[in-house]
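My request is simple: use the sequences and hints to build the entire structure.
Those sequence lines, one after another, are chains F and L. Just remember that this note's numbering sits 18 ahead of the position in the first sequence, which is counted from 1. Just remember that this note's numbering sits 405 ahead of the position in the second sequence, which is counted from 1.
These are calculated hints, taken from the structure and not from any lab test. Small disclaimer: the values here were computed from a predicted structure and weren't measured. Note that CB positions come from ideal geometry on N, CA and C, so glycine has one too. It is possible that some hints are incorrect.
With a straight-line cut-off of 25 Å between C-alpha atoms, the simulated DSS-like cross-links for lysine-lysine are [said to hold, decoys possible]:
#1 K854/L <-> K901/L
#2 K720/L <-> K646/L
#3 K854/L <-> K249/F
#4 K753/L <-> K901/L
#5 K901/L <-> K782/L
#6 K82/F <-> K720/L
#7 K535/L <-> K576/L
#8 K854/L <-> K96/F
#9 K709/L <-> K617/L
Quick list of simulated restraints, FRET-style, between CB atoms [as the list claims (entries may be wrong)]:
#10 A114/F <-> A896/L: 54 to 64 Å
#11 A928/L <-> G76/F: 44 to 54 Å
#12 A608/L <-> I90/F: 30 to 40 Å
#13 N732/L <-> A114/F: 42 to 52 Å
#14 S764/L <-> I90/F: 27 to 37 Å
#15 L77/F <-> K753/L: 41 to 51 Å
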Amino acid sequence: MKKKPAPLRRSMFMRLGFNFYDVAVTIFCVAFGLLCFYPLWYCLVASVMPYEEYVKGGLMLWFKGIDLQYYIQIFSTKVYTNSLLVSAVKTVLATALSVLVTSAMAYAVSKVHIRGMKLINALVVFNLFFAGGLIPQYMLYKSLHLTGNFWVMVLPGTLNISYFIIMRNYFSFSVSRELEDAAMIDGCNEVGIFFRIVMPLSRGMIAAVTLFIAVINWNDYYNYMMFIGNKTKLQPFAWVLHRMLTDKSLMNQVRNGAASLGFTLPPPMALRMATIICATLPIVIIYPFIQPYFTKGMTLGAVKE
Amino acid sequence: MKKYTTLLCLLLALVMVMACFTGCAKQPAQSDPAGTTEPAQTTDTAPEDSSTAEPAETRETVNIRFAQFGNNLDDLDGYANDPIKAAIEQAVGVTLEYDTGTDGFDDRMQTELFTGSAPDLFPTWGESDKIASWVQDGLVTNLGEIINAEPDRYPTLYKMMNSEEWKAYNKLYTGDETASYAIYSVAAFADPSFGGVPVYNQAILDEVNEGKVPATVDEFLTYCEAAGSAGYVGWWPRNDKLTNWNEIDATLALPQGTSITVPRGAGTGTILSGEAGTDSEYWTVSAVSEQSKAVVKQLAELYKNGGLDANIGVKGDFDDAYADFGNGTLGAVNFGFGYPGQFRDFFKSAWLAVHPDASIDDLAVGQALTSNGSYGKTYSTGTWINSHYFIPTSCAYPDRVLDLVEFLASNQGQDLLHNCVDGAFNTSVGSDYWSAIDGAYGYGDGRCKYVWFSYMFSGVEYYCDFENQSWWDAVSHPVDFSNSWATEEDAALVSKAKDTISGFVNEVVQPLPAYYNMVALPAEATDIINKLATITNEYLTQFIGGQLDIDASWSDYAAAYEAAGAAELETMINDAVATARTTYGG
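See below:
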């Protein structure tokens, strides 16, 4: 007589619908998420912590009092407010132009049946792998009167080649040709099709690309450093943040400014933390508004029928 | 299709070749220097037309763009209303436009130089190969030619450039002692200075060491251990991210006749035998010697019992360690490289910031330690090479730029740069040329002296008397006026450091002959030094932290040093010293 097999023992997790794999993945993801999140959290806590608490050291997990003096000191310094404005304008302009130009060009080049588009595509992609180098670049900008000019932070990135390739492929494979034909029959021209049919259909992808390009522009200071260099009024905030971390003169300026406002001389570390928060916050605030499109954009085209 | 592909490949190749040619294209020698910024008020007068007899006030006003590393132009109102800038402009008959930067500054300067857009007067650090290549490519102006042609117009510069020491630098950089392509900036301290001296928290000293500042290595070790036993951390030796073994070296190893730091040249990580300046001088790499082993054992012992900060190599100097010191948990820190002004800055940022009612007596400046009655020796020529300033060949009026340099080198110019007292020009120095000045640009940054042109002649921003001294005497014995205009509290802090240091500095600092400034190691030495630095960081950290047994693994450390080329480096150092002695020693 055959022995009846013992009933499978089910753990509480399994009875609740979890398995070991889910638990392991969840723990890993939460731990990884915390690892990524903690440095930012540390910056936030240290930037509002009263100095007498800060110097006690130890692990900073929660606020031990709130002191906004470092933010007051930062925003009392003209360089900060001006650079925030420059960064905001530069980011909005550069992102808008970049998304418009890159998507328009990607759409045009995705029409491979039009003569010459493959050549244009090859020329654009060529630039992804080969560049002339700094000196030809400098000479080009100089002859275009871009050096020392605000627009050098906006125009050179107008065509983003990496996103051009992504957009071109998206337009080629994910936007229905029949819809474009239908619009054409209804009297729409190519520009109309692009703005009224293709762009709305690609909203998810455009939103994702816009976010990425905006982050790139917000964080960029290279063009300022190399091609402007000495015009204080044009400093982007990313450059000011970089200076706060590496250049003593700006730090001294803020500290002396604080002293003239009646604060005790603030410690450099807390000021640095407050600056990092100021630099990160705008993008962190924008992110939730774009996230629904972002998620949609990432999954669009994932399933082929 | 294949035809088009071939055509495309050819086209792309052509683009690449064109790009290469564009990048390599040489610039016309006399292009517009201010093309990238505000339009310059150019003069129609070509340099060769400038008359030697023409007085400065009748020359047409030109715009000079001047670049200096490490300043800022954040204070736009200060820049627009800068009275010292205005005074210089008035005296020389020019308008000045300042340019500056930190990160990327050197790259930008070089890019601008290669594209014919460089500032009319710009600096670089004294790398001889860079200077030689710029000269060879015709990118920088031979200043000697212009100055020697008009000695009456440039009397101070003429005197400087025709001194033997200046000519030695010409020879070093270009091989030709008559070719002056730069205004050389040489740095020297105005006051005695010494690194490796800790600052002590007096309250902790009182508690664990009967208030006594340690004077010998043994007393220092005893104090550190006592502080550790009392629940404090005894000593933070200033070694942020393992970048600075020199401070530990100066405090503990040098007094014991050895050096544990990375050998980088004569006097750094090497010990002298024989007499400096003679054929008998010889520098020995001593990082893996038995004496160094004994010092590392002392450090490991300190680390184990809390005498040495457990976060050495991890903590940040200025943030974490200074915060600990301010918080009263750290007994002693090495505060810098021994400039008296650094004690003032340390007191204010690390102590006064946390204790608004602090007194100057809260901290004690330490002594250089002795061992068996001997001080450790710090070798120095007293001077070192700093940034040098160039006029590019793209500058349309180098003679006018030299007018500016001549003025700044004069005592009037030096007074203007270095004697601004709380925003007003210091008339007590004796000049009655300048009217009262009501706000010196750059004062808000903690410095009263003028921040622009401050490195041009003296790499440490001090006054040089070129009119009454030879060039070398002036740059090697600069004058520091800063304590005369400092606040009473600041002056007291600097005086406290100076007084303490002056008690032993002559015992510690051993001067080296000036030819040591000309010692140039071969390029291969850099590779060896980098390898040795990695080995030192790796082994010393583990020895001190207890991860490696010192007795068992010291031979591995020594073997790693030998394999990385320590012996070859020692030979290179001594050969380079001998070459400098033979070439420039006379």
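Handout entry: Violations among the numbered hints
Key = Number 15 - this is the single hint that the structure violates.
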